[in-house]
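Participant: Spelled out from the first residue to the last, the chains are:
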Amino acid sequence: MSAVLETPPVVTKPVMARINWVKAAPWLYTIALFVAWELLVIALDMPPTVLPAPTDVFGAIAKYWSPIWKNSIQTLYTTTLGFAIAVVAGLAIGLFIGWSKTIYAGLYPLMIGFNAIPKVALVPILVIWFGIGTVPAVLTAFLISFFPIVVNVATGLATIEPETEDVLRALGAKKMDIMLKVGIPRSMPYFFGSLKVAITLAFVGSVVSETVASNYGLGNMMSSAQSQFNVPLVFAGLLMLAIEGIVMYAIMAWLERRMTGWAHRSTMAQ
Amino acid sequence: MSHLVSIDNVDMRYGGASGTLAVSGLTMRVDKGEFAAVVGPSGCGKSTLMKLVTGLHIPQTGVVVVAGQQVTKPVSIVGMAFQNPTMLPWRTTLENILLPLEIVEKHRHRLRANKKEYVEKAERLLEIVGLKGFGSKFPWQLSGGMQQRANLCRALIHEPELLMLDEPFGALDAFTREELWCVIRDLHAAQGVTIILVTHDLREAVFLADKIFVMSARPGRILKEHRVPFERPRDLEVMYQAAFNDMVHELHGEIAKARVAA
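The listed protein sequences derive, respectively, from chains A and B. End of the first sequence = 1706 in my numbering, gap-free, step of one. End of the second sequence = 269 in my numbering, gap-free, step of one.
Next up, chain B with everything else stripped away, as it sits in the complex (with noise of 0.2 Å):
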């Protein structure tokens, strides 16, 4: 079984050893190709799961392995995406989406020479995400939704095996949040790419996943894993649907009883 992502009994304290634990016997794995969702109570823990699988973090205890090897630094086959879009306000858009060629090392060596071609790489990016023609606006003449839509496209210019998004839609209005969604399912779909997303929103989860991890309060570990039944290519009236609401509803249900446990 080929698992991309494999976390095994991971323990994870910051600040010494008498600092707080942020994850405890954590365990989980993900397929290549695969669309996880990480859901859980506010402070679980699942930002530290974002750090440990990117190599930002190594763990005191436990293995995380990626890709095969034991990450023990940071991973460059990842691409990060976060609710604040943090692009470099001096670089347009386009040269702002060029930035991971600059620092992966195996780009940054033929980006000059090969200019031409990632450029066209990421034109292609902005117009699968829908921002055709904004390559040469700079960040801040780009609305939120869009900042968020050249986000994901710099997490993807560097073709990553793994893409973790950390509630990247969490400051957006419900209908850019929507159409986002289809965004991301599309490139899903397209790319092959494997998906981690850390989410609070439930319906977020069931649309997008193909397998939900519900987390438990501090010190976070995985208290069930969920399969989610619907087809793919999902649409958005799959959210209106019975099973689609019993599901969102099950998964609130064990979130609140994580958060009384705590």
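For reference, chain A alone in the conformation it holds in the complex (with noise of 0.2 Å):
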């Protein structure tokens, strides 16, 4: 029994506890989502032309590289440049209806009714005025990022406490100084934190109008590859899409960290 005891315990932890399970998970899990998929495939017995296993899609991807990076080049612009506009005009309006109680309820039912509207309905009427391609698709990302952009800057300007804003009027602070000082300042997490659902709505938006109303772009690469009926490399663009708008994601929710870490100040103190 005593020999038992004494024995010393093992010095290097198995490799088991080694691995730092939180940062793999995410590998890890996405690794066995397509492990699941391919077994899913090969037990129900799918043709590719119902659902590819990954292994055709990752094949399509190989064999298509060219026009799939091209289109997926493509799409990447038209939605980070509708995105971009969302960015400047979604900070300018929701500024703009932050700054007054009258402007905040005159202007935010006409902003509910417009997001209301589905944007693929606007694409048509796009066309119409700028011809297919580009434009319609640039057009349609930025309508639809926009709101969320407008409604955080203006909530974030619209919930300055009252007591700070007393402090300042009695030093006697115009509005704009108050804006400036504070409301701006303050709206910036709201701000940045719409940004990571602004840039994948604005996918949703340039595929969309791609799909409907363009030569170019995975919208469009995917609708004329399914009217082939190759459906792997109908999947192999939704790979690309889901591969962009999670690059694109974490590079919003970097800015965020980077830009406004006093706001997560919780996991920053001390």
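No wet-lab data here; the hints were simulated from the structure. Since no wrong hints were added, every one of them can be taken at face value.
Calculated cross-link-like contacts (lysine-lysine; reagent style DSS-like; alpha-carbon spacing at most 27 Å):
hint	chain 1	residue 1	chain 2	residue 2
1	A	K1610	B	K123
2	B	K122	A	K1617
3	A	K1617	B	K139
4	B	K218	B	K231
5	B	K264	B	K218
6	B	K139	B	K123
7	B	K39	B	K113
8	B	K113	A	K1617
Not close to chain B: a few residues of chain A, all C-beta gaps over 10 Å, as computed:
hint	residue
9	K1499
10	K1506
11	W1535
12	V1563
13	M1615
14	F1665
15	N1666
16	V1670
17	I1679
18	A1689
From the three backbone atoms N, C-alpha and C, an ideal C-beta is built for every residue, glycine too.
Two chains, each in its own frame: build the complex with the hints.
Facilitator: Below is the structure:
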């Protein structure tokens, strides 16, 4: 018995304990998803024209790399351009709306109504105005993604603590002073938070428009692949979109942490 | 007689002719350099009083005069501190304290050129309130009591003639509160600033003030004015004297009566 107790504890930790599971989790879950998908296709004996296995999809990516790459860049271009316009316009409109209670009350219902319109219904109108191609895709991305930015910036401005405002107004601060010193810095966490939502919406907008009215872009590529029953290529397009979406989201999340670290203070204190 | 603040027969009603009457027939005077406290049942219009004196509200009837001028717009000779420290979380404590200087007309144009002088002044204030070396910390890295100290510095940085305090120590624990009483007592003695303190804490009022106004329930008016007889400088020990307790007791009785009358 005593001999067993005296055995020194194992010094090197086992392999399982040395892996940072939280860091590894996103990769493991992604791989698991693909494996499950592959197994499902094999188990149900799905034809590739209904549900291609991940191996078929990766095969399609390798086979059609040149058009996939070109169209991915096109979609990324229309999305980021539309998104950039949305950021500028959304920030400006948000500040404008948040400026006064009257403007807020007057414009808010209009904005809600506008946001309720399915943007795909606007694409034909944009085509009448601008023709098919890049412009309607950029504009659709813009229209769909600027709303969350506006709402968030306006909310940040509208929720200034009345006591802060009193302290400054008693010192003779003008509306402009309060906006510059308190309102705008205060709304920045809301603004950067909204970028994460807006960028993913921008992809929805540009791809919808490309699918209906364009000769370029992943949306167009997928719709023509579909008409040729090239289902692996459709899935390849979806996969590329997902990757672009994740990358852009990650950039926005990084930007948010960089610019408004003070708003995430619970993790930064001391 | 030089009254810094004089309020004469003021009525203030919120929300139009049929709205609530917050104060009615309010009359009070505070001399230059005096420390006045205002106590009363809750909802008696103490915060309205703050807003009237600072010019954030203009009364419907009656006259408010601050530093010899009738108040018709915000008066910038006032510093304010509330129960909620309202420090801006994206600025360091020092930058928070310098904020009023970016607003007040007299200082805003010379702030950039004389930054060093102002920063030194802010650091002196931080030292007085016992926050030396904390200027570079963000407010959310400070405890509640420390934030309230910084809040006092911010209220004093532009050298206001009048300091308005709205229950500034209400959210603090008893020991921190007593410490800050001493801080504010010493600031008052050193800077010669006039202070109006709105509070629920009767011991706080008696310990700090020269003059105590008791307000009635809504619509608020001044029921009684007390002179506080204790010698300055006052030590915390004064609170354990019989005369001190008698005064607190008397105030307590008056407010209890005002509550019943409501």
